[in-house]
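Just so you know, the protein sequences line up as chains A and B, in that order.
Per my numbering, the very first residue in the first sequence carries number 1; after that it's consecutive.
Per my numbering, the very first residue in the second sequence carries number 1; after that it's consecutive.
These aren't lab readings, by the way, just hints derived from the structure by calculation.
Don't take every hint at face value.
As the list claims (entries may be wrong) - Once the Cα atoms are required to be at most 27 Å apart in a straight line, the calculated DSS-like pairs of lysine-lysine come out as: (1) K175/A x K101/A; (2) K135/A x K116/B; (3) K31/A x K130/B; (4) K4/B x K53/B; (5) K99/B x K130/B; (6) K98/A x K213/A; (7) K213/A x K53/B; (8) K15/B x K175/A; (9) K15/B x K183/A; (10) K111/B x K135/A; (11) K116/B x K213/A.
Computed from a predicted structure; not experimentally measured.
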Amino acid sequence: MATLSDIKRRIGSVKSTQQITKAMKMVAAAKLRRAQERLLNARPYAQRFEELLTHVTAQEKQQSSHPLLEVREANKLCYVVVTSDRGFCGGFNSNVIKRAKSEVDSQTSDDITLVAVGGKGADFYLRRGYQISGKYVGIFNNLDFHHATQISARIQELYQAQEVDRVFAVYNSFKSAGTQVLKVAQLLPVEPNQPEEGGAVFADYLYEPEAGKILDEIIPKNLNVQIWRILLESYAAEEGARMVAMDAATENAEEMIYDLTLHYNKVRQSAITTEIAEIVGGAEALRG
Amino acid sequence: MLPKKLNVEILTPNKQVYSEEASSVRLPGSEGYFGILPGHTPLLATLTIGEIKVENDGKTDYFAASGGVVEVLAGSISILVETSELAADIDKKRAATSKERAEKKIKEGRKRWDVKRAEVALLRAVNRMKITSSI
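All chains should be modelled from the sequences, with the hints used to inform the complete structure.
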């Protein structure tokens, strides 16, 4: 049976763990706020850019031939899996990795390569010997637009070299601090949205320079922007998941401390009772 | 009747830099500067590194901008650029140091640095410095 001092030590250890999880929760909350703000700031840009592409491709149907719009038979696939660099965020990473795995398994083609964004995913896939054509680790600590540009450049290179025929992204999107929604989105070839039926009819644009050159410019840029949005979504979702996980850990520690304290008091009580019984017994014996 | 004002928004991946009415805008198109007045026909143009000038009732704002695109629709104009800042917000020291850094990289040459990138960085830095000195 555990002695009093053992239980006391255990309570102390749970308490200090609780302090750590509490601090981590606080840090995650602060980071979440910042990440959320960045995401909200980036969304209008990403949205406008998509609209722009929709307008142009709708109007220039005949002329929209760009290597990144070209649809090939889907033989070789590429998945960009966005995980986090750090752990302690509940099911955040395992969910996205599981989802990516089920996506990969559901494909008939087995010529599949991965681009791992975030250390957790990279570790996982490297350990299991997956084919990896890109690895971006340690970017979330200091997330910047040029990271998105790098990833985008890499997948464009793979696509144009015909090493892959489809590129998908698997990531957690941020819905609220407590909820992440897993998403799978096709990045390449670019599939422009159809303009809404009955929506505003877009007047004929003047182009400067000509339409083809503008497409050359905005299609890769749109990809950069969409990847940037995905990175920000994932980062905000990560901090949200971490905050929730650490909150739960803090609560569990609280519960444990309660149970241990109860146990401690019971053990103490029974020790006192035994002691009294011994004294009484001793006194009886002396009197006798 | 033609509209008298344009709704101008300047967006970057990091934030919405500007969103206000204006009576005229001048932009650094990739084939030269051009101006937009209210009632302009729809236009789509690519932008290069340069200066955006927004005029409204005698008040003029200058922005430094690096490449992007602009979409002009009836009465509104959306400027989507990679970076943009109000002339008064430009950090002169930072621009000067990045100019020096870029120059150094170009001088040291192809072996160690990506010269193309350094040249673009140099253009951006020079552009920022020019805009701060013009106000």
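Verification of the hints:
1. Only pairs whose Cα atoms come within 27 Å are accepted, and K175/A paired with K101/A is accepted, the gap being roughly 23 Å.
2. For the hint pairing K135/A with K116/B, the CA-to-CA distance comes to about 24 Å; that is within 27 Å, so the pair holds.
3. Straight-line distance between C-alpha atoms of K31/A and K130/B comes to about 36 Å, which puts the hinted pair past the 27 Å bound.
4. Restraint check for K4/B and K53/B: satisfied, since their Cα atoms lie roughly 18 Å apart, inside the 27 Å limit.
5. Taken as a hint, the K99/B and K130/B pair is honoured in the structure, with Cα atoms around 12 Å apart against an allowance of 27 Å.
6. For the given pair, K98/A sits about 41 Å from K213/A by alpha-carbon distance, which is inconsistent with the 27 Å threshold.
7. A threshold of 27 Å between alpha carbons decides the hint, and for K213/A with K53/B the separation of about 25 Å falls inside it, so the pair holds.
8. Among the hinted pairs, K15/B with K175/A is consistent with the structure: their alpha-carbon atoms are about 20 Å apart, no more than 27 Å.
9. Between K15/B and K183/A the CA atoms are separated by roughly 24 Å; this keeps the pair inside 27 Å, and the hint holds.
10. Annotation: proposed proximity of K111/B to K135/A holds, straight-line Cα distance about 24 Å (limit 27 Å).
11. In summary, the hint linking K116/B to K213/A is supported, as the alpha carbons are separated by about 20 Å, within the 27 Å threshold.
Of the hints listed earlier, those the structure fails to meet are numbers 3, 6, in rising order.
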